[in-house]
Amino acid sequence: MTQSVPEEPASVDADLTLYRLQGCPFCERVVRTLQDLDVSYHSRFVEPLHSDRNVVKRLSGSREVPVIVDHNTGVTMGESARIVKYLYRTYRGGR
Amino acid sequence: MRRKVVELPETDHVEAGEQAPDFTRPLVTEAFWEDIALSDLLDDGPVLLVFHPMDGAFPTTYVYNEFLDRGILEGPAQVVGLTISTPYDHARTIEEEGIEAARGLYADPANEVADVYGVTHDLDGMTGVEEPRLSLFLLEPDGTVAWTWVADAWPQFPDYDGLEDALAGL
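In order, the protein sequence lines correspond to chains G and F. The C-terminal position of the first sequence is numbered 95 in the numbering used here, with every residue numbered one higher than the one before it. The C-terminal position of the second sequence is numbered 170 in the numbering used here, with every residue numbered one higher than the one before it.
I should point out that these hints are in silico values taken from the structure, not numbers from a laboratory. On a predicted model such as this, the values are computed, not experimentally measured, just so you know. Where is the CB? At the ideal position from N, CA and C, for every residue including glycine. Each hint should be verified, as a subset may be incorrect.
Stated by the list, open to error - Part of the chain F face toward chain G, derived, beta carbon under 10 Å:
| # | residue |
| --- | --- |
| 1 | PRO21 |
| 2 | THR24 |
| 3 | LEU27 |
| 4 | VAL28 |
| 5 | THR29 |
| 6 | ALA31 |
| 7 | GLU34 |
| 8 | ALA37 |
| 9 | SER39 |
| 10 | ASP43 |
| 11 | GLU66 |
| 12 | ASP69 |
| 13 | PRO87 |
Please take these sequences and the hints and turn them into a complete structure.
Structure representation (structure tokens):
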């Protein structure tokens, strides 16, 4: 098992990476916020089973999603309410 | 070994010496899946693009077993599978087949990439379902097809010795 978190694909030019679970309402809330604020994002999907989410644990210390990695600020953050607050604070003025 | 097989119709597929068409699809690894372009992978070196039947079909298992036996997943090309199975199927297949050393498996449920490469296979007895026919494309980092093998019968297994020679010639 690789211990590092792989880099984003070179062709992706997004403000941040979003670690998400398909259909997870907390993740969708973050997606809606990113779209409202017109912040570009690259999605990485993990599996429903917590034990299959080691990459998220390596990033944030917990296996919960959503997690964002903001390439503009260097911030890595979990918990959707906190993320939404952070996104509004950082990006409300527009990109 | 002689066995009864079904001949597949002739196909105008991508040939050696041609440029491999670029595409983007979700690439599944042990850790997660994300959209990745073929050109992103080529930035890291040569790629062995393997179109294969859906996950769970025995030819798929046989091909990965042979790759494991011959050490083909260890390089020098990044091995990338592609079929119509979903990311969830691919994640399970990577674990069950023990092919974590492959670069990843592309999920293309609409079978559009196989269509662009000219390697589709309409499945008899499964209405509305098509998948790729088994085919290998060894790609130089600039996207040129260095070597290819495309099944013309079903089932039919690749020319593994030819593949190993082509890998040695990269």
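Quick rundown of the hints versus the structure:
1. Taken as an interface hint, PRO21 of chain F does not check out: its beta carbon lies about 15 Å from the nearest beta carbon of chain G, beyond 10 Å.
2. A distance limit of 10 Å between C-beta atoms decides the matter here; for THR24 of chain F the minimum to chain G is near 8 Å, and the interface restraint holds.
3. Taken as an interface hint, LEU27 of chain F checks out: its beta carbon lies about 9 Å from the nearest beta carbon of chain G, inside 10 Å.
4. Using the Cβ-Cβ criterion of 10 Å, the hint placing VAL28 of chain F at the interface with chain G is satisfied: the shortest such distance is roughly 9 Å.
5. For the restraint placing THR29 of chain F at the interface with chain G, the shortest Cβ-Cβ distance is roughly 8 Å, inside the 10 Å limit, so the hint holds.
6. For ALA31 of chain F, the interface hint holds, the least distance from its beta-carbon to any beta-carbon of chain G being 4 Å, beneath 10 Å.
7. Of the supplied interface hints, the one on GLU34 of chain F holds, with its beta-carbon coming within about 5 Å of a beta-carbon of chain G, less than 10 Å.
8. With a least beta-carbon distance of about 5 Å to chain G, the hint placing ALA37 of chain F at the interface is held under the 10 Å criterion.
9. A cut of 10 Å between beta carbons decides the hint on SER39 of chain F: the least distance to chain G is about 6 Å, and the hint holds.
10. About 5 Å separates the beta-carbon of ASP43 of chain F from the nearest beta-carbon of chain G, less than 10 Å, and the hint is met.
11. Here the hint on GLU66 of chain F is broken, as its CB sits about 24 Å from the closest CB of chain G, past 10 Å.
12. A distance limit of 10 Å between C-beta atoms decides the matter here; for ASP69 of chain F the minimum to chain G is near 22 Å, and the interface restraint is violated.
13. The criterion of a C-beta within 10 Å of any C-beta in chain G is met by PRO87 of chain F, whose closest approach is roughly 7 Å, and the hint holds.
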